[in-house]
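Q: The chain contents come next:
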Amino acid sequence: DAGVTQSPTHLIKTRGQQVTLRCSPKSGHDTVSWYQQALGQGPQFIFQYYEEEERQRGNFPDRFSGHQFPNYSSELNVNALLLGDSALYLCASSETGVVTNEKLFFGSGTQLSVL
Amino acid sequence: QKEVEQNSGPLSVPEGAIASLNCTYSDRGSQSFFWYRQYSGKSPELIMSIYSNGDKEDGRFTAQLNKASQYVSLLIRDSQPSDSATYLCAVYSYGNNRLAFGKGNQVVVIP
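If you read the protein sequences in the order shown, they are chains A and B. Mapping to our numbering: the first sequence position 81 is 81, numbers consecutive. Each position in the second sequence, counted from 1, maps to that position plus 115 in our numbering.
Since the hints were made in silico from the structure, they are not lab data. Keep in mind that a hint or two might mislead.
Claimed, not checked - Pairs of lysine-lysine, DSS-like flavour, derived with a Cα cap of 30 angstroms: (1) K218/B / K13/A; (2) K13/A / K182/B; (3) K157/B / K13/A.
Fair warning: this is a prediction, and the values are worked out from it, not measured in the lab.
Given these sequences and hints, build the entire structure.
A: The structure is reproduced here in structure tokens:
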């Protein structure tokens, strides 16, 4: 049973560029959440996708957008990259349900460096 | 006020000792509480979940929850060098419908 998979593992971009990160959830999971983790900080919630729609959003600008596909996989897009966007981007999946949907399983992350 | 606060600095404990980590949260309506372990350069790994007041034990780990004080803690007994990691406290509120994390506490177990 594959866990949460993310690609790519590392990425180097320059300021102003655009980036797309990808995530496939754990088998049986239908909800995908994206987090940004800066060095020395805890993960910060970006947004969550369920049924191909953005269900919740954290305090991130519109430069951050996403998408969920019918097979539950998801993409995170960041436009007009800033130096401060350099971070580990984590995808987490969960299954819908009152009791269990908050129990997240994380992928290995994408380390984004903006130069 | 931050949603989840972990204010302690790096914690150094001798091998075999007890490591104690604390976390406070601001949303009194929070209902689910988690501890994640994160090794350097790796993703967070769920190690404990707790939903009701009191203690919950799982192997060498014990989570403690006090909703009246909005406080959750993690004890690591018989600490091992492999326990050296950052421990993240996470809190879920059905009102917010998302998991909020503290900044983490680094634990270093000294052989």
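Q: With reference to the structure, classify each hint as holding or not holding.
A: Structure-based check of each hint:
Restraint check: the Cα-Cα separation between K218/B and K13/A comes to about 26 angstroms, which is no more than 30 angstroms; the hinted pair holds. Only pairs whose Cα atoms come within 30 angstroms are accepted, and K13/A paired with K182/B is rejected, the gap being roughly 44 angstroms. A distance of roughly 21 angstroms separates the Cα atoms of K157/B and K13/A; the hinted pair therefore holds under the 30 angstroms criterion.
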